Amino acid sequence: MSLLSVNTVDRLDRPSAYYVGKNKRRRYNDRDDDRGREEDPVDKLRGATTLYVGNLSFYTTEEQIHELFSKCGEIKRLVMGLDRFNKTPCGFCFVEYYTHQDALDCLKYVGGTKLDERIIRADLDPGFEEGRQYGRGKSGGQVRDEYREEYDPGRGGYGRAYDEQRQREEDEYGAGR
Amino acid sequence: MADYERRNSNYRGGGGRKRRYRDDEDYDRRPQRRRYEEPLFVQVRRQLLTLAESAARRVEDDIVGIAKTVAENYEDEELRDTFINISLDLVLEQPMKIPFVAAATLAAQNLKPELGAEMLSKASIALQRYIDSGSWRETKLLLRFLGGLQSAFEGDGIFPLLEELFARAVDLQTTSSEDLLGLELVKIILFTIPYVMSSPATGFESQANALLEKTDIIASTPHALVDLVNTFSPDENKEAAGPSVISLLQGQLQAEAGKGWELKCLPRPWKDVQEREPDEQKPFDVVTKVPFPQITVPNPVPNGARPLFPEVYISVYANQEVDTVPPTSDISSSLLREALVDTINLLDFNRVATAKYLIDVDCYYTPGIFVKRATPFDRMREMAGELQAWKPEDVAVDAVFSQLYQLPTPEHKLVYFHSVLTECCKIAPAAIAPSLGRAIRFLYNNLETMDLELSNRFLDWFAHHLSNFGFTWKWSEWVDDLELPAIHPKMAFIHGALDKEIRLSFAQRIKGTLLEPYIPLITEGKEKDTPEFKYMSDTTPYSKEGQELMQLIRKKATDEEIEPVIAAIEEQAQGLGVEDPKVPSTDALVTSICFVGSKSLSHVLSCIERNKDRLLAIGSASQQARCQIITSVMEYWADQPGIAINIIDKLLNYTILSPLSVLEWALIESMAAGTILSKSYIFEMISATVGKVTNRMRQIVAARTQPGLYEPQLSVLDETLARERADMQALFKFIEDSIVSVAAGSNDEMMERGDGSGDLPEDAIIRQWGRRWLRVFRRKAAVEEAFINDALANATPVGTTAPAETEAADADIKIADADDQ
Chain Y
1 MSLLSVNTVD
11 RLDRPSAYYV
21 GKNKRRRYND
31 RDDDRGREED
41 PVDKLRGATT
51 LYVGNLSFYT
61 TEEQIHELFS
71 KCGEIKRLVM
81 GLDRFNKTPC
91 GFCFVEYYTH
101 QDALDCLKYV
111 GGTKLDERII
121 RADLDPGFEE
131 GRQYGRGKSG
141 GQVRDEYREE
151 YDPGRGGYGR
161 AYDEQRQREE
171 DEYGAGR
Chain L
1 MADYERRNSN
11 YRGGGGRKRR
21 YRDDEDYDRR
31 PQRRRYEEPL
41 FVQVRRQLLT
51 LAESAARRVE
61 DDIVGIAKTV
71 AENYEDEELR
81 DTFINISLDL
91 VLEQPMKIPF
101 VAAATLAAQN
111 LKPELGAEML
121 SKASIALQRY
131 IDSGSWRETK
141 LLLRFLGGLQ
151 SAFEGDGIFP
161 LLEELFARAV
171 DLQTTSSEDL
181 LGLELVKIIL
191 FTIPYVMSSP
201 ATGFESQANA
211 LLEKTDIIAS
221 TPHALVDLVN
231 TFSPDENKEA
241 AGPSVISLLQ
251 GQLQAEAGKG
261 WELKCLPRPW
271 KDVQEREPDE
281 QKPFDVVTKV
291 PFPQITVPNP
301 VPNGARPLFP
311 EVYISVYANQ
321 EVDTVPPTSD
331 ISSSLLREAL
341 VDTINLLDFN
351 RVATAKYLID
361 VDCYYTPGIF
371 VKRATPFDRM
381 REMAGELQAW
391 KPEDVAVDAV
401 FSQLYQLPTP
411 EHKLVYFHSV
421 LTECCKIAPA
431 AIAPSLGRAI
441 RFLYNNLETM
451 DLELSNRFLD
461 WFAHHLSNFG
471 FTWKWSEWVD
481 DLELPAIHPK
491 MAFIHGALDK
501 EIRLSFAQRI
511 KGTLLEPYIP
521 LITEGKEKDT
531 PEFKYMSDTT
541 PYSKEGQELM
551 QLIRKKATDE
561 EIEPVIAAIE
571 EQAQGLGVED
581 PKVPSTDALV
591 TSICFVGSKS
601 LSHVLSCIER
611 NKDRLLAIGS
621 ASQQARCQII
631 TSVMEYWADQ
641 PGIAINIIDK
651 LLNYTILSPL
661 SVLEWALIES
671 MAAGTILSKS
681 YIFEMISATV
691 GKVTNRMRQI
701 VAARTQPGLY
711 EPQLSVLDET
721 LARERADMQA
731 LFKFIEDSIV
741 SVAAGSNDEM
751 MERGDGSGDL
761 PEDAIIRQWG
771 RRWLRVFRRK
781 AAVEEAFIND
791 ALANATPVGT
801 TAPAETEAAD
811 ADIKIADADD
821 Q
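Residue numbers (full-length UniProt numbering), protein chains in the order written: chain Y, 1 to 177; chain L, 1 to 821.
In isolation and in its complexed conformation, chain Y is listed as follows (with noise of 0.2 Å):
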């Protein structure tokens, strides 16, 4: 309703500095070869209706993120997140409403309010292909969860790399002995 075309507070329905930062990076890379169609990674995101969901517990279920979720519009499509090779839940999942505004409000008004007593994080995606719904990390899972020096338990305990690496090194230590 306003005609104001500056706010006097930040708006929380903007594409995080992650997707801006993480597109600007493979603009930079990919200069050489199509300097051409260098379009704003931002323009991808006008009307976009998915959002990507993350930090969510392995063991938050499709019903819990509905039942949330919902709260911001009618949901077209729920994409859990998956371990690659155990397609079991792996903490991230896309959510795809009807509607452009939706899904900006679910940025505003769910976004980093807490799901299954964690904070969730929520930001625009431009949308969901098959493929994306695997964890990228080397065990299968999200890459967050290979290195992570702290014990989440809601996310399997310490990093899976860390893991490998401390039961290497006690068992390591019992032969030693």
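FYI, nobody ran anything at the bench for these hints, they're computed from the structure. Keep in mind the model is a prediction, meaning the values are calculated, not measured. All C-beta atoms, glycine included, are put in the ideal place defined by N, C-alpha and C. A portion of the hints provided could be inaccurate.
Rough simulated footprint, nothing fancy, chain L against chain Y, three-plus residues with beta-carbon under 8 Å [unchecked claim]:
1) 6 to 16
2) 67 to 80
3) 103 to 111
4) 115 to 123
5) 151 to 164
Take the given structure of chain Y and dock chain L to it, following the hints.
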């Protein structure tokens, strides 16, 4: 996506900083820039944006400081633009700061009249635009800003414009008794007056009083719709039903006029500055007066996008032993509420900022009208009588609840208001949590007479709020109520709240947050992820076929493989003399789908998808079988009704179920003498179903009323609209007819229970549920009708053909396009 917290590949160990902790990668390759002097406009921008926000600074000094900087550097264009633009942005986005922004403008105008002229010109252009587009909130805020500058205007200043707005209101009111736009204009006038009267201008009492005398008749006459949007139906609870915002304000203003316009809550940031240095030019003394900007009010005035409804004043802190918020006899109640509500609704794009401004409410009003932040309620009780001051947290929380409980619908999605309360609790837990506790108590204690839609909003908020704070609540308070009958509104609330908590979490977790007396409410069934498949038991009729069917569905068998099993059940049923053999076969099919799909929503959806044709055929074949689809889903998920109604919702989307079939199932088949009306999930399901129909209706209306639409499309859309409208009306009629008998106590089942006298102890409660349901759906029906009528009033009439010239122009373009190719 998954690698968004990617670790630097050449991690050097030693606890090195991870990449993700860096703020901006582009910057850290550069050497640190040398400190530089901040440009003036940046400084003024910051000062303006944080104006009045700090209790540690004297806002009077900041105002004069800003005005001086801008006036002394008048030739700095960037600075000038910053000052003007940010000031107007603040007026339109942070209404609580308007008196301070107006004071800064006044001071700037007196130091440099050209600066004032520029500000006025920009403000009046904006005002004109908002009036022309019917954006009444923005109009109101700009008028308030101009009203604060009253002392700088020649003659009567803002009053002639207010008079003109009033004349339009009178026209609208005389044309129609249902008019709401005229009321809105009067509300704007009334909310402008106090800010004019608290400005440095003096000697306008007679103009204000004259205007007030005239508005009285419009403001004090209750609008026909006001009872419909009341938090409490006057029929259920006359005492609790709130007054309309506009009638309340009219009375308060009249009282204030009698007190010489004390308006004690409104800040006067110019007062303390004036007596500083005797020889210096006083910043708020007007040097040269200017004419009030020329504004034209169109006749008739347009209405904006948002439909208008009467507003009711409610407070969740009414009738406490100590007043923690201004009583309705005090004009502060209206002034604080209105500014807070606008702040909340304008800043929906940043709930954290909203919460901060709410918590800081005491910065923006006369010092001393609030007690210190986080003063405990008990302490206020001790202080009662000593001084009259309000609890800032209660005033803020009250404003949020007034929006959460706005009928028919608030400006933003309900979850926004949930999130604002969550943020408030995060910023100041010790101050806000006890205020919320008292609000919850008030709402809980008034559940019986509260509008049913609102008690369901309360339920939804309560569960969602607790889910953000570890599900902790003082359940001990309500232990005694567990003795109440299951259909009592309080018991229904407790049941509903626990179910909603479980939906956001899981049964075991919720069980762990409860006191012993509540544990039986979390039944064993609720803790089961997969409810039992009834056909596993040999005692269930058709158990063999049921199991067979389930196995087939599990292995994604084809329709040809499934058909014989269905036929076997129907044959068997026929032999047993079952009236409609499709009922048991449907039960087996749908129960199997639920069981196989019980793992998750997407599992059940893909099961439904695979059997869609069969289900669609059932839905259209027999009414009883269609009802059985719902019964089977609801029974399978009886312990987790949230999942059941979610599946029903999806079945509606697949058009396997029709909206009417859902209503038939609930309000006829399962009415159970009206007791079903006490279940919150049934209300949720019916509301969602009706919501689907009204949403679709609104989409059709939008299509029909889009500009530039001509025949033959016009007639096609008009027919669709008429048809769907009749369907929608039939739906509302169905609800009305099914519930009216419950409300009147003449429902057959109700009569048959007990001795038929209708005097069973629970009958009165059931009748009340009936009345509350009726009220909600009558309101929904009225709102939708009004929406359609309003929209169609301005639509292109059927039969309009495209103007000939446009066609020619189109043809030209097409030729031009062809030439290009």
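Here is how each hint holds up against the structure:
no.: 1; hint: 6 to 16; verdict: holds (count 8)
no.: 2; hint: 67 to 80; verdict: holds (count 7)
no.: 3; hint: 103 to 111; verdict: holds (count 4)
no.: 4; hint: 115 to 123; verdict: holds (count 3)
no.: 5; hint: 151 to 164; verdict: violated (count 0)
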